[in-house]
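Numbering (the UniProt record's numbering), first residue to last: 1 to 683.
Each hint should be verified, as a subset may be incorrect.
To be verified - In silico SDA-like links for lysine to any residue, alpha-carbon gap of 25 Å or less:
{"no.": "1", "residue 1": "K582", "residue 2": "M477"}
{"no.": "2", "residue 1": "K485", "residue 2": "K301"}
{"no.": "3", "residue 1": "K485", "residue 2": "R593"}
{"no.": "4", "residue 1": "K489", "residue 2": "K301"}
{"no.": "5", "residue 1": "K301", "residue 2": "M477"}
What the hints assert, rightly or not - Here are the computed distance ranges between Cβ atoms for each label pair:
{"no.": "6", "residue 1": "V261", "residue 2": "P643", "range": "47 to 57 Å"}
{"no.": "7", "residue 1": "P288", "residue 2": "A623", "range": "45 to 55 Å"}
{"no.": "8", "residue 1": "P486", "residue 2": "E267", "range": "53 to 63 Å"}
{"no.": "9", "residue 1": "V261", "residue 2": "L655", "range": "25 to 35 Å"}
{"no.": "10", "residue 1": "T475", "residue 2": "K661", "range": "34 to 44 Å"}
{"no.": "11", "residue 1": "K489", "residue 2": "L655", "range": "19 to 29 Å"}
{"no.": "12", "residue 1": "G652", "residue 2": "F266", "range": "26 to 36 Å"}
{"no.": "13", "residue 1": "L422", "residue 2": "T476", "range": "27 to 37 Å"}
{"no.": "14", "residue 1": "M425", "residue 2": "K610", "range": "51 to 61 Å"}
{"no.": "15", "residue 1": "K485", "residue 2": "T509", "range": "44 to 54 Å"}
{"no.": "16", "residue 1": "A623", "residue 2": "D285", "range": "27 to 37 Å"}
{"no.": "17", "residue 1": "T262", "residue 2": "H596", "range": "40 to 50 Å"}
Just so you know, these hints were derived from the structure itself, not from any lab. For glycine and all other residues, C-beta sits at the position ideal for the given N, C-alpha and C.
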Amino acid sequence: MNAPRRKARWSTEKRAAKGRTPQRRRTDSAPSDAPMNRKQRRALQFGDQQGKYNTEARRDDAPRQERDERRSSERRDDRGSRSYDRRDERGGRSFDRRDDDRGDRRDDRGGRSFDRRDDDRGGRSYDRRDDRGGRSFDRRDDDRGGRSYDRRDDRGGRSFDRRDDRGGRSFDRRDDRGFNRDRDDRGAGERRRDDRGFGERRRRDESYRPAQRFDTRRNHEPRGIEDRRRRHDHDDRQGFEETSDQMEWTATTAEAVEGEVTSGFFELGVAEPLVRVLASQGITDPFPIQAATIGDALAGKDVLGRGRTGSGKTLAFGLPMLTRLAQGSPVGSPRAMILTPTRELALQIADNLSPLAAAVGIDLTLIAGGMSYGPQLRAFERGVDVVVATPGRLIDLLEQGAADLSQVDIAILDEADHMADLGFMQDVRTLLDACGDGQRLLFSATLDDAVDKLVQKYLHDPVTHEVDSEKASVTTMVHRPLLVKPHHKNQVTAEIANREGRTVLFARTQLGTDRIAAQLRDAGVMAGALHGGLTQGARARILTAFREGAVPVLVATDVAARGIHVDDVTLVLQVDPPHDSKDYLHRAGRTARAGHEGVVASIVLPHQRKLSRRLLGQAGVGAEPLEIEPGTPELREATGARPTSGVAIPEGEYLKLIAPKQQPRRRPDGGQRGRGRGRGRRY
DNA sequence: AAAAAAC
1 MNAPRRKARW STEKRAAKGR TPQRRRTDSA PSDAPMNRKQ RRALQFGDQQ
51 GKYNTEARRD DAPRQERDER RSSERRDDRG SRSYDRRDER GGRSFDRRDD
101 DRGDRRDDRG GRSFDRRDDD RGGRSYDRRD DRGGRSFDRR DDDRGGRSYD
151 RRDDRGGRSF DRRDDRGGRS FDRRDDRGFN RDRDDRGAGE RRRDDRGFGE
201 RRRRDESYRP AQRFDTRRNH EPRGIEDRRR RHDHDDRQGF EETSDQMEWT
251 ATTAEAVEGE VTSGFFELGV AEPLVRVLAS QGITDPFPIQ AATIGDALAG
301 KDVLGRGRTG SGKTLAFGLP MLTRLAQGSP VGSPRAMILT PTRELALQIA
351 DNLSPLAAAV GIDLTLIAGG MSYGPQLRAF ERGVDVVVAT PGRLIDLLEQ
401 GAADLSQVDI AILDEADHMA DLGFMQDVRT LLDACGDGQR LLFSATLDDA
451 VDKLVQKYLH DPVTHEVDSE KASVTTMVHR PLLVKPHHKN QVTAEIANRE
501 GRTVLFARTQ LGTDRIAAQL RDAGVMAGAL HGGLTQGARA RILTAFREGA
551 VPVLVATDVA ARGIHVDDVT LVLQVDPPHD SKDYLHRAGR TARAGHEGVV
601 ASIVLPHQRK LSRRLLGQAG VGAEPLEIEP GTPELREATG ARPTSGVAIP
651 EGEYLKLIAP KQQPRRRPDG GQRGRGRGRG RRY
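Given these sequences and hints, build the entire structure.
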């Protein structure tokens, strides 16, 4: 991680030593700077290509030793140079590389801001591709998966020679601007704590072309990989029909009850406008966790609240937060921050709190990945008061200098046990460190060592309120471990999924959810997969289709295990065992919410018996596995399972249900669609 | 021990 940056390698001195002209950082406007038409770009590219063959020849003459050295010792930093090579090689080698169809078009585009986005994409797609391995057969990433490492190595070796050949051609100059390097460095692992920070990147950026940044952003908008692919069929410059697949979020307002109101929230000290809005939603009796924590939170104490999601935690921290903020006045940057582990959860919290915030004149916004930057940047520009965020995007904005959290006086972690996971911990710390040293509210389903570390470091003299046990204590929930023979697993899964009512299935991996959902549709059960590998738009659409009942079966990874609330989920089926008892309970918590009944069935294969016993024991579930086979009355009795029709649901029928709503893109008014129409999500 | 979290 701390390997020397390859930047040094190309210092002016070194270049001079090699008999090269100094690198040009700043140039006059050049072809690549201005929009080019396709023909011009082709011409340029062709020229590049010609040069490239020379380059290839020369490459072989280059000192092999040096290449090998780079290969072995500077892998990560090599990636910085990758972008040069990728770009340059593309022209000549398209026939043997799968992603070249992308590449060529990328070059076609010419315009600078696009380059930047493309570079971003290029770098990341390697990372993701490699990470994911063969995850999604239906995505094009995987065609390439196996080769990416080789290619990377190739590049590391070549880049150096290649670079020397490039002279001052306009395309090369683009590479010199420094984004590529910066971005790739970041991709290499230190990304968030790149010590050069965004400041320097931006300076260079601006020196190249001032006032470019927001154009860049705007063009940045489409995020999904699939979208980007599709985009290449169009000329980006021409306002083509963009197939963005992002989710949008808008703040909402709500009615408030007029006149006399009786509500338990008054007594807790919640601001009156908030109580009136709650009353209009029929919420007048605080849930236990709310009753327990609101008082202390209002008093400004640090609170550690333990209670399962669905127990009313959002209001437990939301109401005191808004009440306190309403007593002060905005300072031009956020005074409160709420962090959550998934985008869906952030969305849900923002949806729930935004009408309340509006009632007391608080500007609350959602900051999450997979959504366009524009509204989020504007929110900070206008001085948003509360951010509900997922860590990644907020750090992104922080690094850009777009977000300032120094005035945050109330920092809230929802699902803190999850936020304290290894993968999240550093981000959470970064964000908490960026906040002012004010009140901290930490809500968690469990208290383990990781949470304790957060508590130790960030909470001052916290008051702990434990309302729900972490153990299974929901009396309306029935647990049914099902002992199933391996060759029956698919059919049992399908028969259970085919039951009446809304059902959530959990699988271990993204690939697993895709596969199970496809198998279910093959068997005639309308099911959709939800996992973090989908574009944000796709995630939102499948969740909506599930909420609305068009798709009654949701097959999800643990992305949906926490916090997500869908009414009337009457059965949760754990197709694959959860990783631990916490996950078991979080998954289970998708059903039997708010006093409703629900069944938690778990498929247990013979070799998983021991594991299952341990998980259930830790979760405080006493149920013994029930031995079952497909089509039996026992299975039906336990889960409501029904035989499947076996008539496959055509893929098109499913896709129709989760298709993006067609809507005009890039409207002349700047793309503000449907503002002020109804609630939250639109796609 | 997987998934999620920026692009």
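How the hints compare with the structure:
Using a Cα cut-off of 25 Å, the hinted pair K582 and M477 holds, with the two alpha carbons roughly 16 Å apart. Among the hinted pairs, K485 with K301 is inconsistent with the structure: their alpha-carbon atoms are about 53 Å apart, more than 25 Å. The hinted pair formed by K485 and R593 fails the criterion: a straight-line CA distance of about 31 Å is larger than 25 Å. This hinted pair does not check out: K489 and K301 have alpha carbons roughly 50 Å apart, beyond 25 Å.
Pair hint K301 plus M477 does not hold up; C-alpha atoms about 34 Å apart against a cutoff of 25 Å. One distance hint, 47 to 57 Å for the beta-carbon pair V261 and P643, holds here, with the actual separation near 52 Å. Between P288 and A623 the beta carbon distance is about 26 Å. The supplied range of 45 to 55 Å is therefore violated. Our hint of 53 to 63 Å for P486 and E267 holds, since their Cβ atoms are close to 57 Å apart.
Hint check: V261 to L655, Cβ distance near 47 Å, so the stated range 25 to 35 Å is violated. The hinted range of 34 to 44 Å is satisfied by T475 and K661, whose Cβ atoms lie roughly 41 Å apart. For the pair K489 and L655, the supplied restraint of 19 to 29 Å holds, since their beta-carbon distance comes to about 27 Å. In this structure, G652 and F266 break the distance hint of 26 to 36 Å, their C-beta atoms being roughly 54 Å apart.
Remark: the range hint 27 to 37 Å for L422 to T476 is upheld by a beta-carbon distance near 34 Å. Separation of M425 from K610 is about 30 Å and departs from the stated range, judged on CB atoms against 51 to 61 Å. Checking the proposed 44 to 54 Å range against K485 and T509 shows it is violated: the Cβ atoms sit about 22 Å from each other. Between A623 and D285 the CB atoms are about 32 Å apart, so this pair conforms to the stated range of 27 to 37 Å.
In this structure the hint that T262 and H596 lie 40 to 50 Å apart at CB is violated, the actual value being about 26 Å.
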